[in-house]
Every structure is written in C-alpha cells, then in structure tokens.
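Trainee: Spelled out, the chains give:
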Amino acid sequence: MSELRYREAVRAAMVEEMERDERVFLVGEEVGHYQGAYKVSEGMLERFGPKRVLDAPITESGFTGISIGAAMVGLRPIVEYMTWNFSAVAFDQILNNAAKVRQMSGGQLKVPIVLRAPNASARQVGSQHSHAMEHFYAHIPGLKVIAPSTPADAKGLLKTAIRDDDPVLFMESETLYNIKGEVPDSTEHLVPFGKAQVVREGRDVTIISYSRMVHVSLDAANQLAKEGIECEVIDLRSLRPLDEATMVQSVTKTHRAVVAHEGWPYGGVGAEVADRLQRLAFDELDAPVLRATQLDFPMPYNAKLEQYVIPQASRIIEKIREVLYQA
Amino acid sequence: MSELRYREAVRAAMVEEMERDERVFLVGEEVGHYQGAYKVSEGMLERFGPKRVLDAPITESGFTGISIGAAMVGLRPIVEYMTWNFSAVAFDQILNNAAKVRQMSGGQLKVPIVLRAPNASARQVGSQHSHAMEHFYAHIPGLKVIAPSTPADAKGLLKTAIRDDDPVLFMESETLYNIKGEVPDSTEHLVPFGKAQVVREGRDVTIISYSRMVHVSLDAANQLAKEGIECEVIDLRSLRPLDEATMVQSVTKTHRAVVAHEGWPYGGVGAEVADRLQRLAFDELDAPVLRATQLDFPMPYNAKLEQYVIPQASRIIEKIREVLYQA
Amino acid sequence: MPDQDRDSGERRARPAARQSGAPEARDADAKPSTGPGSPGGAPGAPSPGPRSPGEAAESGAGGSAAGSGGGDPSRSVETHLTFYRQMLQIRRFEEEAARAYAQGKIGGFLHLYIGQEPIAVAANAVLRPDDYAIETYRDHGLALARGMSARAAMAELFGKVTGCSKGLGGSMHFFDVEHGMLGGYGIVGGHIPVAAGTAFASKYRGDGRVTMVFFGEGAVSIGDFHEGMSLAALWKLPIVFVCENNEYSMGTPLSRTMSVEDVSMKALGYGMARDRFFVEDVFQVRDHLAEAVERARTLSEPTLVEIRTYRFRGHSMSDPGKYRTPAELEERKKKDVLLRSRSDIAAAGFEKQLEAIEAEIEAEITDAIRFADESPEPGPELLEQTTYAGPFAR
Amino acid sequence: MPDQDRDSGERRARPAARQSGAPEARDADAKPSTGPGSPGGAPGAPSPGPRSPGEAAESGAGGSAAGSGGGDPSRSVETHLTFYRQMLQIRRFEEEAARAYAQGKIGGFLHLYIGQEPIAVAANAVLRPDDYAIETYRDHGLALARGMSARAAMAELFGKVTGCSKGLGGSMHFFDVEHGMLGGYGIVGGHIPVAAGTAFASKYRGDGRVTMVFFGEGAVSIGDFHEGMSLAALWKLPIVFVCENNEYSMGTPLSRTMSVEDVSMKALGYGMARDRFFVEDVFQVRDHLAEAVERARTLSEPTLVEIRTYRFRGHSMSDPGKYRTPAELEERKKKDVLLRSRSDIAAAGFEKQLEAIEAEIEAEITDAIRFADESPEPGPELLEQTTYAGPFAR
Ligand SMILES: Cc1ncc(C[n+]2csc(CCOP(=O)(O)OP(=O)(O)O)c2C)c(N)n1
Ligand SMILES: Cc1ncc(C[n+]2csc(CCOP(=O)(O)OP(=O)(O)O)c2C)c(N)n1
Ligand SMILES: [Mg+2]
Ligand SMILES: [Mg+2]
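Protein chains in written order, with the working numbering: chain A, 1 to 327; chain B, 328 to 654; chain C, 655 to 1048; chain D, 1049 to 1442.
Heads up, some of the hints might be wrong.
Cut-off 16 Å, straight-line C-alpha distance, at most; resulting in silico cross-link-like pairs (EDC-like, lysine to aspartate or glutamate) [unchecked claim]:
id : chain 1 : residue 1 : chain 2 : residue 2
1  : B       : Lys437    : D       : Asp1421
2  : B       : Lys631    : C       : Glu1035
3  : D       : Lys1251   : B       : Glu349
4  : A       : Lys253    : A       : Glu227
For the record, the hints were derived by calculation from the structure and aren't laboratory data.
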C-alpha cells in the first residue's frame, strides 16, 4: 500500500500498463511536453518518449477516430480529453464508430480503447465546461462507463479498463485529483467492472452515488448519523455495467433510496437507477426513489449560484427526509 | 379539414410559416433541387427561391452553427437533417451553443431555431442509421423536444415550434411520412407544447408512448381489448416539456403503466417517465412501471433480427401482462 | 485547350522526395501553367470546368491503354485481362444485386459503384494484401476488388449469417479483415480519421503497411475530413486519401457543394502531396495511385488524390436521378472504362479469353445468388457477442 | 532576406474585385516571390520561419507608424491617441483583473489578452458599431474595444448581476449585443460557424453588416473551422476570419499543431481571399483589416486574415508558461505595440495628452473595480428565464 493522490493513481495505472504492454499509448492535448493540463500525465513523455505519449492538436474527433482505427488493428490507445466536455465534438466517433464497429463487422473487429478525462463540475468554469457527460454515454450499448471515487479504485479500474477489449469511457474529476488514499502497489491490482461497493453501512436509507458525489453522500450520511439516521452509502463505481444486485440487496434492507449524482435530472444514470429499483425492488420500497442532482439549468458562473445548482449534502439530506416522510 | 399525409402536414406547416414570416428559412442537404431526401420539402424551392430554401453541403455542424448564429440575430431557421442520426456530428453545436447562448449572454440573446428530421428506426438501414436521438437531447435544459404521431399534430406542433423563441428539436419518422390523417386547414392550427393526449381510454393499464410507437401501442391495446383488457393510451407528443399531469391522472385511474418507445433502455425518456411516475404516483401504482423499448443492442441489418430488436406490439403486450401479474 | 486540360486533368504530384518539402518550397517555382510534374503549377493551372471524360481522354495516354503489349510489361494484356475480370465481377455483381433488390431480397440502402470500377480495381493492384483499405457505404466494389468472395458479399446483402458481416451490417458495412478490407461506413467523413488511425498503427509498429481511404467529393466539406488530413500531414502517416469525385453528392452537383472545384487544392493548406486526374483507363488510375502508395510506403507521407469519375446509377436504389439529363448520362456511359478495356483487349486479339472470363463471372455471380438464397439467417444469439467483445455490459 | 520577409510578412490580399475569381485564375500568374498585391505569390513566397516581430518591423512600415502626421490623416496623432487609449484600457483592465483573481475575487478561468491589444482595437476601428464581432474565451480585449464599459466587464468577472452577462457567463462569455459584441465562446472552433451565421443573416437581410470572428491558431485544425470556412466561401458570406496566431495553443508551439506554419494557406483550398502579416503597429493592423472588411462589405466575400502576434501572459492564470524561455518572452515584450505607440506619440510631442489619458484610465479601472466590488450578485430567479426565453420546459 502507498498513499497516493487520485491524480497519481490514474498516472500509476497508465504507467504500469504501458510498461506491461507495448501496444498501449497515450494521446491528447498537452499530455506530453506540458505534462497534462491537470498534470495527470506528468513525467510520462520523459518516460515513454514521443512515440507513446503524443501531444495532439485540438482535434478531438480526429484523434478519437485515429485511436479507434488504431485499436481496430491491435493497438490499445488511451485518449485523454482535456475535459469530458470536449468529447462533444467527438460524439459521432464515439456513438457511430467506437460503439458500432464490432457489430458492423459481424464481430470480426473489437475496439479496445480507453477514453478518459475529468468530468462534471469544476469551479466556476461556466456552462460549456461543466457537463456530466456520463448521462449521454451510459445510454449507448457497446460502451462501458466507469466513474471511480477513490485513488485505489481509480488505479484498479483504469488498469482493468486498459486491459478490457471494449471501449471504456473513464470519468475522473478535477475536484478529486488531489484527494489522497491508500492504493495497493501490486501491478495486478485490478478492480472488476460491474461491482458496486457499500462504502458505509446503514439500516434506514440507501444513498446510491458515484465519483465525487460519493464523498458528498458520506458527508450527508455523517450529518444524519448525529440524528440517529443511519444511511447506507453505495459507490456504484461502474455505471455501465450497473450492479443491480448490490443496489437491490441494500434497498431490501433499508426500503428507501436516494440517488445522488452530478448532471441534469432528465434521463441519464439517475433515472435509470430509479427505474431499475422500482422495477426490481417494487415490493421492498416504502417510498419513491428520489434523486439529488444538479438543478435543471446550464451551470452558471457566479460562485453562489453554481453551488446552488450543484447537488450538495443539504439536498441529499432533504431528499432523505422526504423518503423518511420527515419532510 | 383536409386529409394529408404526415409528410404533407410537415410541409404545410413550413410553407404556412414561411408565407407568414419572412425571417423563416429552410436549410439542409437536398432540401431544394432534390425536393428533400424524403420529399418533405417538395416544391418549396420553387415556391420560395434559393434564398429561403438552401441546399447545404454535408456540414451538419457547420449549417447548424450557421442557423444558431442567424437565430441569435433575429432570423428563424428551420434546419433539416437528412435523418437525426447525422445530428451526432453537430452534437456540440446543439449542446454548447443552441442550449447555452441564452444563459451565457445573461438573457440578452435567444435562439429561435427548429431542428427537424426523421428519427429512430427506418427499415434495415443498419446500426449507424437507426438511432432514436431524442434520448440524448431531452436530457439537455435549454432545448425542447417534440415527437408527433399524427399528421394533425405534426402540422400543429411544427407551427408552434417555428413560432417558439427557444431551440426546438422536432422528431419525425420515415415510417410515418406516408400515413394519412385529417388536418385542420387553419393557418392558426397551433398545438401547444407540454400537452399529452389520451388517444384511447381504458381502465386497466396506461400505455405511455410517442411518435411511431403510439400506433404500435394502439395495436397492442386493440389486441388486448379482445381479451377484455382495456388499455388507456397516452401520446406524449412533447418529450421536453413532459406532461406530468396527464400521465399521473391516467395512472391514478389504471394504477399500472407501461412506457413504449424506440431507442435503447438505459436512461433516456422512458427511464425519466418511469422515474416521474414512481415519484409522483407512488401510492397509486399497483405494479412497477415497465418499459417496452428497443433491445439493448445496436440495430442489426437482417430483417428478422431488426424486427426482433425493435419494440413490437407483442413486447408491449408482454409487459402489460406483467404489470397485470398475468405473466 | 487540350494542353491545359492535360495540365490540370493529368497533374502529377512531384516525386515524393522533392514533394516532401514545405509547400512554399514546392510553390517557389510556380508558373502559369506548368506541365505534369510540378504541383507548383497546381494553383496556377486553370481549373477544368466540369467536362466529359471524353475531352480528358482525347488529351490522355489513350494508345498506351490498349495493353496490347508494346514494351511496357506492367501494361501487358495478361494484367489487363485480370483487371477486366475484376471490373466485370463488380459490374455483374451489382447488376444482379440491383435485380435482387427489386425482388425484395435485399433491404435498406443499396449504393451501386457501377461506373467507378476501375478505381477500386487499380487501387487493389497497388496495395499489398495486408495493407488497409477503408470505404464509405458505397463499398461493394472495393470489397470484391480486395478479394472478398462474391458469395460472402451477396450473402451480406441478403442479410445471411454467411455474409461478410454475418448479415448484421448489410450493403453499407462490408468488412473482410482477412483481405485488408476494414469496412464500409455510413457516416460521411467519419471513417477518414479511423483510416488515419490504421495508418498510425502501421507507423507505430513499423509494419510497412499503407492505408488507403476512399470518400466522395461530398465528404470534403465535413469536419472529419479536415481533422483526418490535418493529423495525417502533421504526423506524417502512411496513408493515401482517395477522393472519388463522381461530380454528385446525392442530387447535388459539386458546383453547389464546393467553392473550389479542384478538390486536390485542399492539400496545399496541409502541405500534403496531391494528385488529380480524370479517369481514362484502369492502367492510368493504377499508375497514379502507385505513386501515392510509394510515397506512403517509403517516406511515410500522405497524399491526397482526387480522381474525377462518374456513377452510372442513382445515388442509391431509391434515387430516380432526376438531377441529371439522360443526355449527360449517355455521354458518360460512352466512356465506360469497362467497355473500353474490353474493346482494347479484343482489338489486341484476345476475344476468346474475354469470353472465357465472362462465362466464369456469370457462373460466379449465379453461384453467389444461389448461395445467398440458400444460406441461413443470423440468430439472436449473435447480438450479445457482437455488441461487446467481453461480457455484456447492461 | 528583408525583401522576402516583407513579401511573406506583409503579404496583402489583392483588391477585392480582382480577388474574387477562382483560385486558379488568381494563381495563374504566380511567380516565385511576388510583392504585396499578388496573393498568387502566397504559395510561392518562402514561409517565414518563426521570427521575432522585430525583424518584421525592420522590414515594415516603421516610420509611418509614428502617427506624427505627415500627409496621411488616417494616421493622425489624434487617431493614434484614441487607439492608445483603448489599448491601455485593455492592458490596465486585465492587469487589475489578474490582481483581483489573485485575491480570489474572480473564479474559474481567466485568459488574458495582454500583448494582443492592437488587434482588437484596430478591428473595432474598421467595424461599424452595428457590425458583429465574435470571440473565443480570450474576449476581454475585444469586448472593451467594442465599447463595453469597464464596469460591466469587471462586474462580470466578479460574477455580479451588473456584469455584461449578469454574472452568469464569467470571463469566457462576455456578451454585449448593444455594442455588436456577440460573445466569447469556450469550445475551440465552435463559434466559427455561429459567426458565419450572423454573416448569413446580414446577407439574408441585406443589412450591410459585416461579421468579424476571432480565433487562435490552435483552432485551425478543428472541424468547425473547416466547415465555417467552407460554407462562408461557398455562400459568399460577408465575414472576416481573423486568426490571432500567437504561436502557442496553450503549451503547444504551432510547429506541433500544424504541418504548415502559414495558416493563411488554408484559404487556397476554399478559393478564399487571404492576408497574413506580423504585427508591427496598430495602424498596420487596421489597414490590413480594413481591406478585408471592405471586401466583405462591398462584395460579400470572406477573407482569412492571419495575424502573427504574441501573448505576454500564460494561457490562463493557472499556466506557469514553462514551455517558453524568459529570454523569448523578454524579446517579445520589447516589441510591445502599446509601448511603441506611447513612444511614437511622445516623440511627436504629445506627452501631456498621454499622461491625461493614463490618468483617466486609472480612474476608470479603479471605478470599475469599486463598482464590481459593490454590485449585488445575481439571484436564483434568473436561472429559469435565462434557460428558456419562453415558459420553462421540464
Ligand atoms: C454526416 C452525414 N450526413 C449526411 C449523410 C447522408 N448521405 C449519405 S451519402 C451522401 C452523399 C455523399 O456524396 P459523396 O461524398 O460525393 O459520395 P458518393 O455518394 O457520391 O459516392 C449523403 C448526404 C451521411 N451519411 N452522413
Ligand atoms: C474543442 C476544445 N478542445 C479543447 C479545449 C481546451 N482549450 C481551451 S483554449 C485551448 C488552446 C487554444 O489555443 P489557440 O486556439 O491558439 O488560442 P489562444 O489560447 O492561443 O488564444 C485549448 C486546448 C477547448 N476549449 N475546446
Ligand atoms: Mg459524389
Ligand atoms: Mg494561440
């Protein structure tokens, strides 16, 4: 075990896998000489050279397509977007090539590619730079979507992603890059996809979350604990595939659930979780599944308004009181 | 009243609004000289000339952006994509400009633009050409998403869309273009957004649908009627805004609901409807809200497999039996 | 005029070594209308207005196309017969496919390559079997030229599990990895960066492969064309960009899709080597493409090649083609390279061989139809394994 | 060399009327290194390697920049003082914004324009008040030059409701419709088609307006640049594409973002008029842009203008700028156009007017900071009405 920052854990996963497999390379804007816009790839150019750590011009669709093509013929590209927001210009490549080539080719080809970047809100970066893009991508069969909340999972899930034979979209968070945590040193520390984790046990209500919101959920849980309300907190870690068993098991115990995530309420991951719970645990639910999400507005710049729009522990607590009929 | 095909109703709405308002123009691939890839704009070039009916090169992002800019300074563009699938290359323009300019400008600007095209499955056109794109767009605040099922609604809702001051995404269907229906002749036939319609009354279960699937739902309802199962069928017509009142009212009567739509199950409009119903009518539901959707695969070419993947009346019936606990 | 036609219609990229310098260097000696061999002349040369290949042919290497031998072994009748066979196979395959479509045995879109056959055939002739070729939805010709069996191709159109893509892809998505056919793609321009990616992989591995990507002139205005070109030029990827300019993007003539008719001019902005010519015969196409492939193979440098051609059928089966006159179409059909090859070869006294080939092709296509008809359809069990290579993610 | 520098560094697009022909026609008379006035020379002229503006200046219209009059009234000291005032306002505004950012009064990204002021100021000088200007996220300079008040600008940075975008946009999204500032946009290239759209509207209405859109050299490789250029050229839109080539895209020098350093060469592929020069002084920039605006206004034809400039600060406040040497930076700062203007004007004997202007600007910026500090913040009630113009859609 070593104590690493989330940023360092992501880097460690890339470095270990690149040491292990010649076919793995990293491409993106400023990943090389600049050492990464958020310093995630710091030192990697020096270590692996310009052949395997490529600075790309501003052509997200272009280098996403290039990486898909390279993956089709046997390489294992890691694409870093400066942030997930910029994947919007590569949306067609992800929807129509990354997710379709395998079926279009009748299974002759596979696309082992990892697309990774910080996702969702940062701090006051405005409406065009604050998107939670997982809600678009998790909808698409052919893709896998991962969103770790801790350094240990960031490393273990990214290593699994790089070794995975399908396109994996890996959601990091600018606001998590500096958090520290114990991370297994083993180069075989692989966290499987589709396994959620109960990060806090509780009997009264289940909070289902992922990425940064797991920490906010724990904060909410701790506040409620003072009142004797015991929340169970589930870190999904993997959004597609989604771990139904762990969610249902918890709700079968608590009979109440609140889903907490960044991004807008309409559709998306939260609606899917609510849909599955009411479908798979209908008789277990003593209250509707509620959601604590970003409010249904583009993200405003003003600091107070931004905090008002982003889901806070207070919003989670409010929803919990509702499902406990305390509201 | 005149009997029009869906295609003619869409055209009538555009022609009437272009006659009424000089600022309205139509741009897209093959909309002019070719008379429209699906003949929707037939005769419009002759009628309005090349200034107002523009054939564009294959630059969806480009002419979507151009239309957004034109709308910002006072024009009222109608953009036709050959199909909604191709909007994927314009995704960033729709997400980051059409839906954001108003807030970014502090409300100084508005973007009165209509984006329209056939959506969802056609017949054996393969995985890249069979997307139900409403599931991506309905997620985005700042946009409105409309999906009419009849010629009368197609005309009335498109006219409302063209007069609306916000970006409206208008989902048509290649497989509906030929259906006929009575359409009011009035140039003021305007169907309001956010008002669903009960197209069949029933006491046992509510089927919530839109666009082509409304017809499939009615088919399912008629089959079940023979067994004495009376389905109420709701045509949402408008996906964002969503008419909660009509849905809740119906479920309060039937206590059971099945959502039927094209496109994949994960997230999207169906998950949102299920989420709202379990939230707003929790105590009224005698069974979970179930969904009859496209199976969770890219659309295959083979005719039988395509029909197997697309939601059919049989799948809706199956879900209805489940919510009636007859399964 | 003939002379000018020849300049622009037959412009050749300069030999790679000299080509590779900065465009300024290339253009430093630009003159009004330099002859072939000086790309510097490119911007200088008057643009040919849309013209019938006839004019171009008049100015072209007509005689040498006969293949009736002379000195040049690369233009031997044997080679010509091989090319004729491949072109005829594509032609007959598609004529029968069109018939099957009319009978409802084929669904969805069907985009025919008829009229453009010499391009796919010549391209294959200059590619190694292990090189990568990537196409648009108009992909039957290239797939067959690359070596896909008529059976696998026809079965795919019929949606059968014996098809090249197991009946899941259809006409627009022909894949045959074994024969270096990396697919037909349905989103205009979307496959261009992907092709740059296969070229990237070849450079990364140093496997000496070349990628050749094909697209229509309608794809030149879209963003992915620009990004693919930008990255291929910046990273010096071993790729050949082949623009099959058939003068129409669906119903839109190129005058209404582009402000500059000369697509190859786009290369200037990327400092990329370029070539441009009007199709006259299959050898001419081969020789032009050979130069670009050589540049990619030996220097790992991309080339943009614009080939002016023409499609004899509608954009797809559903297109009545009202946007062009019967006269224009007839004029173009007179220049059908397939017919020209046949008459040249016959004139050289090889009528028998031609007839033998024609009989073989008939048998092959008839067999392909029967095979496709009799083949089983794909089952639902294929859907999970073709959505994910690993365990299904739901 | 100076001669060649002048050719390439001072290349002028040909007068619009002659410019408008097909690129072939334009280039028909291309010669090795033609002087200004012949775009045909563009591809021919040797590309200037990266060089300090100093050299360019040496070869430039140095003397005439003094503005100390001579005959040319358009270069009068009065005009120069006006430009100096605007450039200084931008400089001082941003210096104080940087300080406020350090104090935590401003959040998010803050991209400073310092060093590039002459471009926005010259651009505004050739635009009518009702023309449309559209920017990237590096938008403070253009907004102020267009006439946005320092108060509205600073309040926006502070996130106050009195800001130009009510505090909802922040540094990257300055909008002032009344002053023809149609916004700062955060997605590289995304605003280019939008700008083509405002130009489209002007042509549609025949309102005689011109649109000027600004972007960095880093935006030239992305798809939306290409699509915006393609459509503007095809539809002959009244727009000027201004590429502010400051040699870096974040930490990446242009040598690693583009295969051809001469961005203006991209215009050849679209048959679009082009211009390219290294910034020497504000009058020079104005005169170049005036030509392009004239072409848009009178002929409704687009122009691509590449302006070689340099930013003195990091990409944004969070960028330490390790990718360039202090020496390089110092060298460039010596060529600061703001200082050059000041010394030229002073040399012409107008020290007093300069000091008066400087005092005014100080007062204006101090007032803007106070105003921003004291202004109220936007309330949640703004969110619904700025998401939809009509009733909220949920
Ligand atoms: C992004 C996108 N927009 C629109 C279409 C619809 N479409 C298919 S082919 C085509 C015309 C393409 O013409 P061209 O590139 O010249 O190729 P050709 O068909 O002539 O071979 C269009 C508009 C598409 N497939 N993708
Ligand atoms: C599509 C997209 N990709 C990446 C970014 C992140 N980004 C913001 S500015 C920038 C560099 C732009 O450089 P340039 O175009 O030269 O403009 P400059 O900052 O030098 O003025 C990058 C990569 C973005 N905003 N949009
Ligand atoms: Mg074409
Ligand atoms: Mg720059």
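Trainee: Does each hint hold? Answer for all of them.
Mentor: Status of the hints after comparison with the structure:
1. Proposed proximity of B:Lys437 and D:Asp1421 is contradicted: the alpha carbons are some 29 Å apart, above 16 Å.
2. The straight-line distance between the Cα atoms of B:Lys631 and C:Glu1035 is roughly 13 Å, inside the 16 Å bound, and the hint therefore holds.
3. Between D:Lys1251 and B:Glu349 the CA atoms are separated by roughly 14 Å; this keeps the pair inside 16 Å, and the hint holds.
4. Distance hint between A:Lys253 and A:Glu227 is unfulfilled; the C-alpha atoms sit about 20 Å from each other, more than 16 Å.
The structure shown violates the earlier hints numbered 1 and 4.
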